[in-house]
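Residue numbers (the numbering used here), protein chains in the order written: chain A, 1 to 276; chain B, 1 to 276.
Hints in this document: simulated from the structure, not taken from any laboratory.
Take these hints with a grain of salt, some might be off.
One copy or two, it doesn't matter: identical chains are merged, so the pair holds either way.
[Claimed, not checked] Straight-line alpha carbon distances no greater than 30 Å define the calculated BS3-like cross-link-like pairs of lysine-lysine that follow:
(1) Lys246 with Lys196
(2) Lys193 with Lys80
(3) Lys237 with Lys30
(4) Lys97 with Lys193
(5) Lys246 with Lys97
(6) Lys97 with Lys196
(7) Lys246 with Lys30
(8) Lys196 with Lys237
Number of protein chains: 2
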Amino acid sequence: MRDVLRVPGGRRIDLTAYDASAVPAGPADKAAGLAATAALAPRLADLQERLYAASTAGDRRRILLVLQGMDTSGKGGTVKHVIGPFNPSGCRIRAFKAPTLEEQSHPFLWRIMQALPRPGEIGIFDRSHYEDVLIARVRELVPRSQLDRRYGQINRFEQSLAEDGVTIVKVFLHISYEAQRGRLLERLDNPAKHWKFNVGDIEERALWPAYREAYEIALERCATDEAPWYLVPADRKWYRNWAISKLLLEHLEALDPAYPPGDFDVDECRRRLLAT
Amino acid sequence: MRDVLRVPGGRRIDLTAYDASAVPAGPADKAAGLAATAALAPRLADLQERLYAASTAGDRRRILLVLQGMDTSGKGGTVKHVIGPFNPSGCRIRAFKAPTLEEQSHPFLWRIMQALPRPGEIGIFDRSHYEDVLIARVRELVPRSQLDRRYGQINRFEQSLAEDGVTIVKVFLHISYEAQRGRLLERLDNPAKHWKFNVGDIEERALWPAYREAYEIALERCATDEAPWYLVPADRKWYRNWAISKLLLEHLEALDPAYPPGDFDVDECRRRLLAT
């Protein structure tokens, strides 16, 4: 999946050319997709435990999954479904909202630093520092010169993380304008979902082309070897969950974390324990 | 379960009088226990979503599950199994280890404050501020006068949390001396579990009576109406998981969180959305 979904960096891509309902390299249909996703769970759980175990012996490696996408693209749903197989104690999940007053008083990467996964953990960001070049660009929240510097700041920051053992997996959840309309209508039609609906969501839709452009620029400038971007078509939730689970599995397999050997004499410990 | 497992405060209980392999008010056997636990999941998930939804409309209520118990009593396993039904985004899990240098430079409740659940969340502490009257008592880490003040400090702290909307559920996982030996032996017998084993665990067993006494005193002095202690027999993992799931369910049901009504005109929003 890494090769299939990876965004080429350094050049502008046209997001309108990507079909959000496509299922590249995916299972044949929804039923097959759900089964394939469930089948990945034991291996994901095993690798996560190994990653965590390795950290207790000094291995600093860890994973950071960054989720970005338009409203209703399924960032929250991805967290819920993709994290399912893992031990929640080893996951560090953070949803970034509008910055607090304290966060605003710091450089934009400050709050990101607070939320990073520790060695052995799997970190998941629901939104991230990319908001600072997305909504910040569309809404002109900072002067253009400051905004333009942020791409380089992000790349240098991510390179430092990679050097410290963080495997960064950045996922852009690509939904269509039509799918977003349908998902917002679903929220309106279900009173139990009204708390997720915001009148501002309708107004934001008018800015869709501006957000798309902001994403295209972020993908162009920040898809690096140390921290690649993956474009996941997300109109079909079953494909989205399968593809991201598969991406995580591939990255965990590449890390190939091992249980550390004990630093004690097993027979001696057994004897002493049996004497208690 | 709340009435069955609740520890009476204000008087000393004798932990040796509690059978750690008992299954009070529980399912008949392991198979029934696993089925009963699985059957609780949908209701737990539904109530968690309501609790979170309510917080978006200003409801400050939240839950804090505190897990304490001897080594191998299953604190980590409880987190993994009991949290399963919940959306991990709404859970704030924290395992407390030996305090860092920075934590040591602050009052003992400082690091606890950093880890509290936000409104709408379910917080889970794997160990907690109680370590500061448990290992701190057994190992005499602080002068006795300072230690004795901590019980009152804990009670006042927990009362303030309760007043701010935190439902505190403190669980003592009660295992037997023999069960601990068996679980440590299992870790020795399985190389994939060696990373969980520590030679110091054997030496700590010699302090079992001192730890038991420290727990008895903490239960006596800190079982309050605002923050009750529950004693969960934990030799049988299936019972432990069922009982704690059931405790959480009862507390969530008592909160009875409701989806907040939308503050918008549904028909008007639908019209506007369809026009986009």
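With identical chains, the pair Lys246 and Lys196 could be close in the same copy or across copies; at 30 Å between alpha carbons, which is it: within, between, both, or neither?
both (28 Å within a copy, 28 Å between copies)
What label fits Lys97 with Lys193 when the C-alpha limit is 30 Å: within, between, both, or neither?
within (19 Å within a copy, 39 Å between copies)
30 Å Cα threshold - placement of Lys97 relative to Lys246
Only inside one copy: Lys246 and Lys97 sit 27 Å apart there, 33 Å across copies, limit 30 Å.
Could you place Lys237 and Lys30 in one of the four classes (within, between, both, neither) given a Cα distance threshold of 30 Å?
within (9 Å within a copy, 36 Å between copies)
I want to check one pair: Lys193 and Lys80. Are their C-alpha atoms no more than 30 Å apart within a copy, between two copies, both, or neither?
both (16 Å within a copy, 28 Å between copies)
Up to 30 Å CA-CA - Lys196 versus Lys97, copy category:
Cα proximity of Lys97 and Lys196: one copy only (14 Å, versus 37 Å across).
With 30 Å as the alpha-carbon cut-off, assign the pair Lys196 and Lys237 to within, between, both or neither.
within (18 Å within a copy, 37 Å between copies)
At 30 Å max between alpha carbons, let me know whether Lys246 reaches Lys30 within a copy, between copies, both or neither.
Close inside one copy (16 Å), not across copies (34 Å); limit 30 Å.
In this structure, every one of the numbered hints holds.
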